[in-house]
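*Asks:* Working from the sequences, and respecting the hints, build out all of it.
Here the protein sequences come in this chain order: A and B. Residues 1 to 291 in our numbering are what the first sequence spells out, letter by letter. Residues 292 to 709 in our numbering are what the second sequence spells out, letter by letter.
Calculated from the structure, these hints are not laboratory results. Glycine included, C-beta positions come from ideal geometry on N, C-alpha and C. Mixed in with the good hints there might be a few duds.
What the hints assert, rightly or not - Below are the BS3-like pairs computed for lysine-lysine, each with C-alpha atoms no more than 30 Å apart in a straight line:
{"hint": "1", "chain 1": "A", "residue 1": "LYS133", "chain 2": "B", "residue 2": "LYS506"}
{"hint": "2", "chain 1": "A", "residue 1": "LYS41", "chain 2": "B", "residue 2": "LYS598"}
{"hint": "3", "chain 1": "A", "residue 1": "LYS225", "chain 2": "B", "residue 2": "LYS598"}
{"hint": "4", "chain 1": "B", "residue 1": "LYS519", "chain 2": "A", "residue 2": "LYS59"}
{"hint": "5", "chain 1": "A", "residue 1": "LYS45", "chain 2": "B", "residue 2": "LYS622"}
{"hint": "6", "chain 1": "A", "residue 1": "LYS41", "chain 2": "B", "residue 2": "LYS551"}
{"hint": "7", "chain 1": "B", "residue 1": "LYS506", "chain 2": "A", "residue 2": "LYS45"}
{"hint": "8", "chain 1": "A", "residue 1": "LYS133", "chain 2": "B", "residue 2": "LYS526"}
{"hint": "9", "chain 1": "B", "residue 1": "LYS551", "chain 2": "A", "residue 2": "LYS122"}
{"hint": "10", "chain 1": "A", "residue 1": "LYS41", "chain 2": "B", "residue 2": "LYS362"}
{"hint": "11", "chain 1": "B", "residue 1": "LYS526", "chain 2": "A", "residue 2": "LYS122"}
{"hint": "12", "chain 1": "A", "residue 1": "LYS59", "chain 2": "B", "residue 2": "LYS442"}
{"hint": "13", "chain 1": "A", "residue 1": "LYS59", "chain 2": "B", "residue 2": "LYS501"}
{"hint": "14", "chain 1": "A", "residue 1": "LYS133", "chain 2": "B", "residue 2": "LYS519"}
{"hint": "15", "chain 1": "A", "residue 1": "LYS133", "chain 2": "B", "residue 2": "LYS467"}
As the list claims (entries may be wrong) - Far from chain A, by Cβ distances over 12 Å, these chain B residues were calculated:
{"hint": "16", "residue": "VAL366"}
{"hint": "17", "residue": "GLU387"}
{"hint": "18", "residue": "PRO424"}
{"hint": "19", "residue": "SER571"}
{"hint": "20", "residue": "MET692"}
As the list claims (entries may be wrong) - Okay, the calculated beta carbon distance ranges per label pair:
{"hint": "21", "chain 1": "B", "residue 1": "ALA651", "chain 2": "A", "residue 2": "TYR46", "range": "23 to 31 Å"}
{"hint": "22", "chain 1": "A", "residue 1": "SER22", "chain 2": "B", "residue 2": "MET411", "range": "46 to 54 Å"}
{"hint": "23", "chain 1": "A", "residue 1": "ASN8", "chain 2": "B", "residue 2": "MET292", "range": "55 to 63 Å"}
Spelled out, the chains give:
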Amino acid sequence: MFKWLEKNLPKIVLAPSVGLISWFVYGFVLWTFYISFTNSKILPKYELWGVGQYVKLWKTHKWLIAVDNLLIFTVLFLVICTVIGVVLAIFLDQKIRAEGVLRTIYLYPMALSFIVTGTAWKWILNPTLGIQKLFIDMGFENFTFDWLVNRDMAIYTIVIAGVWQSSGFVMALFLAGLRSIEDEIVKAAKIDGANLFTLYWKILIPMMRPVFFTSFVILVHISIKSYDLIVALTQGGPGISTTMPALFMTQTAFHKSQVALSAASAIMMFMAVAAVIIPYLYSELRRENVS
Amino acid sequence: MKKILITLIVFALAPSISLAGPKIEVLHWWTSGGEAAALKVLKDDFAANGGEWLDMPVTGGGGDAANVTLKARIVAGDPPSASQIKGPTIQEYDQEGVVAPYHIDEIAQAEGWDNLLDPMIAAVHKCQNNSGPYCAAPVNIHRIDWIWANKEVFDNNGLSMPTTWDELNAAADTLKAAGIIPFAHGGQPWQDATVFEAVAMGLGGNNYYKNCYVKLQENCLRSETTVKVFDQMRKLQSYTDEGSPGRDWNVATGMVIEGKAGFQIMGDWAKGEFTAAGKSPGWDYFCSPTPSNNGYLYNVDSFIFYKTTDPDKVAGQKLLAKLMMGKNFQKVFNLYKGSIPARLDVPMDEFDDCAKKSNADIKTAGEKGGLLPSFAHGMAQGNTIKAALQDVITEHFNSDMSSVDAANALADTVLANM
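*Replies:* This is how it looks when you write it as structure tokens:
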């Protein structure tokens, strides 16, 4: 009896969590999938209706704007976060004196919720309250920085706020990666005559491929899910120019009384995330099997 | 040990020994200052009549969070006894079958609501396509189409309240030349839509408004008149300041109160801001309807009563409906809220000049066919169409979209969402 318990104890302890997650996460994902094939308006209905919601979704102007914005935001967010993260990590890796303090300062923004980040940046970027006003008061009378209220440029302000929040996290990942490289490799490279730039560019960065993958996956999923940042910073405005899929989904379900259309948009977001995660998982598992 | 067990059992059973009597569970979003004070009047009234009020407030201005909570409870099969609601949504929930049987119709017939309410407003509160039994009760009437202006700013620039849209544009030009922000506006989609519908009714006329935004006729939406309305919106946009996008409505009202801006176009809840700042109409600020031909855009706050079988809750629903339409409650509530009573026979002596004007105008508008439901505030259409119209209006206001494109987009989105 005890032997059986001992062998299966881990499974028993994990079972409630697995059960809850299977039901509340995956079960409800399936529910959303089902609802996206119905014609639910204000409340969910359960009669199947066909793929009409998906057809309607891709004809909806607001959704097309949201997808556009998602692509712009994800690409810029990913690239700029990674570049800043790597550069900061390399600088911090130089065994400088105030490393602990600087590391904490760069990592702090991550401790804030996106709502706080969004609200603070909303004030900073507001032309009548923030940066533009500061420069005008200082004497540069023709200075303009009104991206926040300009419908073509507002999406880039979201990139600014998002990058500020998440670069520290990428930096921390890369710093850990750099630190885990054995000293021998660095010494060997220095003996071979590599200067600092070549050392990093040709040797250490390529060795950190796994860290690139990890940060890529995490940043993409943050980007696809981003909702609170948009709500706090621009509320989807000016007009509807900074709508993103998560915001579209919430607004459609609760303000437009179109639950099924919103479910369809949620499934599209799910598939976008799956398209990123599944190849990553596959490559990780394959590597495990090989090794 | 036995004593402890018995004590525990008694305590466990105690809550279920509650008093039988009218009970009501009310879901609402009136949590800020004036609104909460107004609702307290109803709560006290209900308690004074022997009822038990279970409050379910959910903060969030337009009721967004409250609506989510409401839907969750309806899907779970446990709706509250009553909830705050707006016009067409009453019919939407009725079609889902969560409102029948219509307990409060008994009270409505006994008290003669048909004679106490304007027929258009009474119809909004009847289920089964606006012609069956009463299933909801109105507490007030808000008027949307007001201009609120700072008296000092207007006097200093030799301006009087405009009676036509051209006069309004001329006044704005004068203010702009004098270096004052003419039009204080909060750049949020619902505020853009609020201004749009005032312009549509004023420039296009009452019949235009009815055909386009109540009946959703395609050729009306694509017409030259719609193009003119969008042109006027473009003009109004040129009178706003840079900080306008995303601004809250009360911050814009604050700009008018402080004299930083000339005027704001907003519903009568803006009056509450002036009152809270100690300003009085005629002395510190002017209130006048936006230029129109006896038009009056209305928005009614109502409470809907859901399906329930618990006899205490049914009694509670009937009591609440009766109290809500009572003369005293309608007067006191609206004094706090800034709107006017829905009930036609409430004496208006204690109300201020703006409310008195509103009360007089609604009777005239009703007679002349100008009493129109606001679409921006969910009275003329359900949420889907309202949101669709709003998206086009706000996109036009915040971009350089042409008026012709906007008019066509308006018609297209209505067709796509019918």
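*Asks:* Starting from LYS59/A, check that the Cα of LYS442/B is at most 30 Å away, please.
*Replies:* Given pair LYS59/A, LYS442/B is violated - Cα atoms ~48 Å apart, limit 30 Å.
*Asks:* Next pair to validate is LYS133/A with LYS526/B; report whether the Cα-Cα distance is within 30 Å.
*Replies:* holds (26 Å)
*Asks:* For MET692/B, is the shortest beta carbon distance to chain A beyond 12 Å?
*Replies:* violated (9 Å)
*Asks:* Take a quick look at whether LYS41/A and LYS598/B sit within 30 Å of each other, Cα to Cα.
*Replies:* holds (20 Å)
*Asks:* Examine each Cβ of chain A, and state whether all of them lie more than 12 Å from the Cβ of GLU387/B.
*Replies:* Its Cβ does come within 12 Å of chain A, the nearest being 5 Å, so this is violated.
*Asks:* Does the Cβ-Cβ separation between ALA651/B and TYR46/A fall within 23 to 31 Å?
*Replies:* violated (51 Å)
*Asks:* Are the Cα positions of LYS506/B and LYS45/A separated by 30 Å at most?
*Replies:* With Cα atoms ~27 Å apart, LYS506/B and LYS45/A stay inside 30 Å; holds.
*Asks:* Take a quick look at whether LYS41/A and LYS362/B sit within 30 Å of each other, Cα to Cα.
*Replies:* holds (12 Å)
*Asks:* Verify that the Cβ of VAL366/B lies farther than 12 Å from every Cβ atom of chain A, and report whether the claim holds or is violated.
*Replies:* At about 6 Å from chain A, VAL366/B fails to clear the 12 Å cut-off, so the statement is violated.
*Asks:* Under the criterion that the straight-line Cα-Cα distance not exceed 30 Å, is the pair LYS45/A, LYS622/B satisfied?
*Replies:* Given that 30 Å is the threshold and the Cα spacing comes to 42 Å, the pair is violated.
*Asks:* Closest CB-CB distance from PRO424/B to chain A, is it above 12 Å?
*Replies:* holds (21 Å)
*Asks:* Quick one, are LYS133/A and LYS506/B close enough, alpha carbons at most 30 Å?
*Replies:* With Cα atoms ~47 Å apart, LYS133/A and LYS506/B exceed 30 Å; violated.
The structure fails to meet hints 1, 3, 5, 6, 12, 14, 16, 17, 20, 21 and 23 from the earlier list, while all remaining hints are met.
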